[in-house]
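Asks: Residues per chain are reported as follows:
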Amino acid sequence: MTMQRMPVQDRTRFLERRELKATRALSLVGLVLLWELLARIGWVPRLFLPAPSDVVSEAVEMVVSGELFIHLGSSLVRLALGFAIGALAGIGVGVAVGFFSLAEAVGTPVIAATFPIPKIALLPLLILWLGIGEPSKVAVIALGVFFPMAINTFTGVRHADPLLVKAAVSFGAGRWSVIRKVMLPSALPMIFAGLKLGAGTALLLLVAAEMIAVESGVGFLILHASNLMATTKLMVGIVVLSLLGVLSHWFLNWMERAVIPWRHT
Amino acid sequence: MRRLIAVALVAVLAGVSGTAGAQEKKVKVGVLKLTSSAPIFVGVEKGFFKAVGVEPELVFFQAAAPIATALAAGQIEVGATGLTAALYNIVLQGEKLWIVADKGREWPGYPLVGILVQRELWDQGLRSVKDLKGKRIGITTLGSTFHFHLGNILEKEGLKLADVKVVPLQTMPSTVEALKGKQVDAIMVPQPFPGAAEAQGFGKILAWAGDLYPWQIATVFYSKGFAADRERAVNFMKGYVRASRYYHDAVLVRKGGLPIPGSNYDEVVQITAKYTGAKPEIIKIGFPYQDRDGRLLVQDIDKQMKWWVGHGFMKSVIPLKEIVDTSYIEAAIQAVKE
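Chains A and B, in that order, give the protein sequences. Read in order, the letters of the first sequence correspond to residues 1 to 265 in the working numbering. Read in order, the letters of the second sequence correspond to residues 1001 to 1338 in the working numbering.
Check each hint, because a few of them may be wrong.
[As the list claims (entries may be wrong)] Derived CB-CB ranges, DEER-like:
{"no.": "1", "chain 1": "A", "residue 1": "215", "chain 2": "B", "residue 2": "1158", "range": "19 to 25 Å"}
{"no.": "2", "chain 1": "B", "residue 1": "1096", "chain 2": "A", "residue 2": "34", "range": "23 to 29 Å"}
{"no.": "3", "chain 1": "B", "residue 1": "1033", "chain 2": "A", "residue 2": "116", "range": "35 to 41 Å"}
Source of the hints: derived by calculation from the structure; they are not laboratory data. These numbers were taken from a predicted model, which means no experiment stands behind them. Every residue, glycine too, gets a C-beta built ideally from N, C-alpha and C.
Isolated chain B (complex conformation) (with noise of 0.2 Å):
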């Protein structure tokens, strides 16, 4: 329905004004104000994506879900964030989107998402993923990234999910509001929020998630008319692997465990800042790690559903060729020299 209503409303737009043709090339981007975002920051602001004839729109939201189901509903084009059940269930009852690239991994020696105790559980000696037993955990949703990521956390540790109680508190400032009034043990949140909690002092980070347990965690993925329109789609790709090497190259390269800041380190720090609101200082803390290319770990994505669908949240596996392409990114690597 919001759909047809959509078509109307563009229509009727055309037919008013003639501007209308100039608007053509926007490409609607969905996005989240997270330091995870870098990558289509930098792109946007270096020029990368006109540079090769497309420019994108960026439309903010403020959890990973929505990001799916408006692209769903034809309202964006371009989704680039985490992975939810919810994506994967939308894909299940019939309405396509094709996942193309890396957008972020949780990777060891990567801050991203971080699991954080109350500062008194800390000093009475709880140190390990073993010792959350039986505690109360607050995540944003049931079928978000840190649900998915909790679990196996605790799995690899020969726990369950029940052994825990999952709190969901809907947003990250409400989850983490939850930690500092006492209302949950420990909590799973992006950076900034760890580090901040930390220097607040309420919280104690214990561990950092990527380090426990990798996974392919955010993605790029493609409305289903977008992908059909291939040069436009292959084209956004190429602005993409070229954000994505300048991004790369700048924060995350590494000697020996110590990272070694890139001749632009400061500058995509800046222009994180900028889109995020946050402080370069807190910024400066960590970028998630992303393929230098921006090539997904496809198997992942088939062990994450078999996970979902364990876990009841999905109904079936979705075969990788229904819901995987990695054709664009391929193409875009052969034709964006170095």
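Bound-form chain A, shown alone (with noise of 0.2 Å):
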């Protein structure tokens, strides 16, 4: 007697997350077309919200006069800087704190007490310790990106697997040997989900330190543009902030990979 064949129905399928690839490209095109019908018929004040088109001409006429690349220019000094001193001073006091116990006796407590504070509230007074130059700038973004990277780089050394420390030190790896080789890299995933978490709060920080005394930069453009009720160009800043959002994070998981091959997200 033949078996008798069943067809069997997955009955997990509903689990099952199709990749929608279209859909999702046209939402975003489908809220832009919207939002250009919506100031076409009239139904809201081109003042108040600017058609898409509109915003796009504008940015282009910013790039022809070459307006847009001066404040693109200093914002990004402004967050390369701050980055990498917050970033690089993040991972140092994270490591050392991960790995000795006087600093982490010292350092505990100084993070925990500091780290809650907004530090868009320490703006008026870095402005009154460093002036209302560049520095108070790059130092208010440098702090805000700073905690997320201490944290994170502390959490992630503690989280070093025993067994390779002790697998390394039983092949006669000193004390630097095992941080360099494997503390930090067993930390890099760690490190880069805290670069991500700064990347964010950097721009934030980048706008608020930018509304105050300065004379070029992608917060300056937006504020500036307000005092003047040039909506359009507001947009024009908003967009570009978004747009180095989204840059940022590609640029950091592109940078990812390549740094952590192992450990493919």
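The task is to assemble the complex, starting from two chains supplied on their own in separate frames and drawing on the hints.
Replies: Written as structure tokens, this is what we have:
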């Protein structure tokens, strides 16, 4: 007797998550189209919500005149400096606190006490200490990046597999060798998570910092356009900020893959 | 969108409350708590507006530009404040509003906005606008009346805006604080700030800006809807003309360069002090000049727009007949007898 084939329905199919790539793209395009339509038929005054087409042509104009690059340039310098200082200091402190018990005893309570302070609240104080020039802007970004970096690095170092550490030591590795070759690499995923958190904070603080006494920058562009009621320019600034956010995320993801090839995320 | 929501709200409110009719006469007027708003305060306090059947409801703002924005958004019907690049840009982007009357000029001999310098720089011999070259000058925002005024003063002295470093500090108090903390070398702020800074000793008044460059700094402007309601709009002006004359005769009359306080001088000082929250002694330092009948310097509006366009703050000049309408004030001047 031949076995009768019983087609079995996969009852977990509803759990399957389809990709729906086209829908993803359409949702964004649809939103922009709806927005354009609303502006075109005049339901919403253009002054309050400029049409996307106007925003694009304004952006093109600003690119041609070079205005956009001036703002973008000075913002990127502030971001890069603040981010680099904050990230390096954060990693350094995180490793020290995670490895040396004296550093942990000194550092943990200090970090716990200062971490919850909203960094924007420190801006006026930083201006008093460092003046209204560039240093206070870079400092506030660096501070914002420092904390997630320090905490994540510390956690990453702490969670290094003790077996790996012991193996390294039994093969004759010294203290520095263990930090460099075992602890740091195993903390890398956590460090990258910290970098991503820091990138978001950095953008937020950049805009806040650029709203006081600067001549250029994306935050300045937004505030200045709102002072002049140039709403189309204001929208260009907001779009540039959102692009900066997306690009920094992509860049960090790419770097993560390059630096941690053994862990594809 | 905001307008739609506002309309919906009004409809709902009118549906549930029968008293909405009584509120109809109220006119929302956006003003700043500054000495330069005195004619409006006088009109409200002396009942000049009520006498012609309009009841103003004062809405206080922190800066001039948001008043124009609120007007365009339909939240207020009348604005009475400085002319900023924002106001012109609103009209340029298709939201109509009408500049209808004078509400204060920068005028020689009438202190309004002062150029304040750090005490130490003054002691080191900084005495003229030319000496400001290369200095950091704090103002509230770019595109503000102060920015316009500073640029024109510098240009009159043969300098350019680019010869100084303009530092926008957002609010008037923070601008004063920046001078105090030596973050900037000089600032431009309106009375009573310059007087107070000199009294405290950290600043020195280099000059009153109106002595260096007179212009039509502040005006009364109407929203499109209010301007269309011709009768109410003219009535509001009738009250305003009476208030303006009262204000003028009380505090602005001069003979041989010296102020001659009118019979109602103290009353106007008291009213201004009450609404601005400043001490009467500080109010007495000076009132800004304005035309006795509230007539505008119409050509100056055109000059202002040309300057903003020339410095990249506006895209093009708006034809005067699309932004200025003097017919309301003229009708009111005819109607209000001395």
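Asks: Evaluate each hint against the coordinates.
Replies: Each hint tested on the structure:
Our hint of 19 to 25 Å for residue 215 (chain A) and residue 1158 (chain B) holds, since their Cβ atoms are close to 23 Å apart. With their beta carbons about 27 Å apart, residue 1096 (chain B) and residue 34 (chain A) fall inside the hinted range of 23 to 29 Å. Against the hinted window of 35 to 41 Å, the Cβ-Cβ separation of residue 1033 (chain B) and residue 116 (chain A) comes to about 37 Å, which satisfies the hint.
Hint check: no violations occur; every hint is consistent with the structure.
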